[in-house]
Amino acid sequence: MDVHKVLVVEDSPTMRQLIVFALKRIRGLKIAEASDGVDGLKKLSAETFDLILTDINMPIMDGLKLVSMVRNDPKYKEVPIVVITTEGAVEDRERALSLGANEYITKPIQTTTILDTVKRLLPL
Amino acid sequence: MSRSSDDNDRSTYSRGEEFLQAFKKGAEFTQELLKENEKLRYRVLKLEEALSQAGGEGGKDQSSEAVQLRQRIEELEQEKAEILGQIKEIEEENEDFANRYVEIEEENNMLANLYIASFQLHSTLDFKEVLQIIVEIVINLIGAEEFGILLLDEKTNKLEPVAAEGIATSDIPAVPVGQGIIGEAAETGENYFIASISGYVRDYEKPLVCIPLKIKDQVIGVITIYKLLVQKEEFTGVDYELFTLLAGHAATAVFSSRLYSDSERKLSTIQGFIDLLTK
Numbered sequence: 001m002d003v004h005k006v007l008v009v010e011d012s013p014t015m016r017q018l019i020v021f022a023l024k025r026i027r028g029l030k031i032a033e034a035s036d037g038v039d040g041l042k043k044l045s046a047e048t049f050d051l052i053l054t055d056i057n058m059p060i061m062d063g064l065k066l067v068s069m070v071r072n073d074p075k076y077k078e079v080p081i082v083v084i085t086t087e088g089a090v091e092d093r094e095r096a097l098s099l100g101a102n103e104y105i106t107k108p109i110q111t112t113t114i115l116d117t118v119k120r121l122l123p124l
Numbered sequence: 001m002s003r004s005s006d007d008n009d010r011s012t013y014s015r016g017e018e019f020l021q022a023f024k025k026g027a028e029f030t031q032e033l034l035k036e037n038e039k040l041r042y043r044v045l046k047l048e049e050a051l052s053q054a055g056g057e058g059g060k061d062q063s064s065e066a067v068q069l070r071q072r073i074e075e076l077e078q079e080k081a082e083i084l085g086q087i088k089e090i091e092e093e094n095e096d097f098a099n100r101y102v103e104i105e106e107e108n109n110m111l112a113n114l115y116i117a118s119f120q121l122h123s124t125l126d127f128k129e130v131l132q133i134i135v136e137i138v139i140n141l142i143g144a145e146e147f148g149i150l151l152l153d154e155k156t157n158k159l160e161p162v163a164a165e166g167i168a169t170s171d172i173p174a175v176p177v178g179q180g181i182i183g184e185a186a187e188t189g190e191n192y193f194i195a196s197i198s199g200y201v202r203d204y205e206k207p208l209v210c211i212p213l214k215i216k217d218q219v220i221g222v223i224t225i226y227k228l229l230v231q232k233e234e235f236t237g238v239d240y241e242l243f244t245l246l247a248g249h250a251a252t253a254v255f256s257s258r259l260y261s262d263s264e265r266k267l268s269t270i271q272g273f274i275d276l277l278t279k
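As given, the protein sequences belong to chains A and B, one line each in that order. Its first residue numbered 1, the first sequence is counted upward by one per residue in our numbering. Its first residue numbered 1, the second sequence is counted upward by one per residue in our numbering.
Hints are supplied without guarantee of correctness; some may be wrong.
Stated by the list, open to error - DSS-like, lysine-lysine: derived pairs with alpha carbons at most 25 Å apart: (1) B:K232 to B:K158; (2) B:K158 to A:K107; (3) A:K24 to A:K42; (4) A:K107 to B:K128; (5) B:K279 to A:K107.
Please keep in mind that the hints were generated in silico from the structure rather than gathered at the bench.
Sequences and hints are given; from them, build the entire structure.
See below:
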């Protein structure tokens, strides 16, 4: 079975744990965690990931900046990015998608939605 | 003249004889024809009977086969109806199973979330950290945008705000136990949910939701919610369960961390006295 690497970028340890715990239900995933955008970029440069899940509201570097920088990196031009956020306004969604995010999931966290989205975006 | 007369007589007799012979032959021939006719008629009759008999038996066979086929069709129709009925029942059962699966999946997800939430709540004895974890859980799992956490001050018997999200903690007024919706929820230990979310305008004394933080029957505080995230239009069945289960874990975590903080403070004070006395 192929192993797919997923990076979860979320500043809240509780929410990070929730997302990681949910993702562990999908077989064949290797999950890494980052606590903000800068930490996420470090992890992305150190190894290659097949999918990125990121929050928007984070200290140091927010999720939208991260999405923009990742999309400008040829290495990650085609890698799916999923934004998971409390921001539910239409303009927030459009902005994230225009910057290069593939999916936009709003909180409160719905485990099924996250799992379905990841399964759809990865060739599992 | 007499000789001639005799000759005439003989000639007439001879003709009469010939005629009689011819007549007899004709009569015999007629008799034979009649007999032959009789025989033929009899034969025709027999053939007609045979034919009729043969035709009748074939019809009977066909009729019997048709009856059997009709019965078989009826049986098959009945069987088909029964099978269709069974398929319908199976489809209904299948739908029930699918719905049940979704419900179980939701419950499973909720329990998994609760497990992580309680794990995080009990992962620290730092009071501020515990409050921060409660805030994160209420935002991310419940979907609240504006809310406060009020804890009971046993000296004043009032609920004092200690943390808030989306609003300033100082904006939330202290509430005496037993007074108003919040005070009553603290007194009775019963969850409060507003009847209808639509059209609600924030009122610190009348929140959307008020969840008492309980350890067994002892209420140590409340969570009051004033606004939900824009995408969260209403509460689901899972939310009500989550509120109650979460409130129990949050209460224990708050109580433990408070006790620990108090004991740490006292220990620090005692240590200070000891240091003063021993130095």
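Within a Cα-Cα threshold of 25 Å, do A:K24 and A:K42 meet the stated pairing?
-> Roughly 23 Å separates the two Cα atoms, so the pair holds.
Under the criterion that the straight-line Cα-Cα distance not exceed 25 Å, is the pair B:K232, B:K158 satisfied?
-> Measuring from Cα to Cα gives roughly 31 Å; hence the hint is violated.
Distance restraint between A:K107 and B:K128, which requires alpha-carbon spacing of 25 Å or less = holds, 24 Å
Starting from B:K158, check that the Cα of A:K107 is at most 25 Å away, please.
-> Outside the cut-off at roughly 33 Å; violated.
Are the Cα positions of B:K279 and A:K107 separated by 25 Å at most?
-> violated, 57 Å
Figure legend: structure checked against the earlier numbered hints; hints not met, in rising order: 1, 2, 5.
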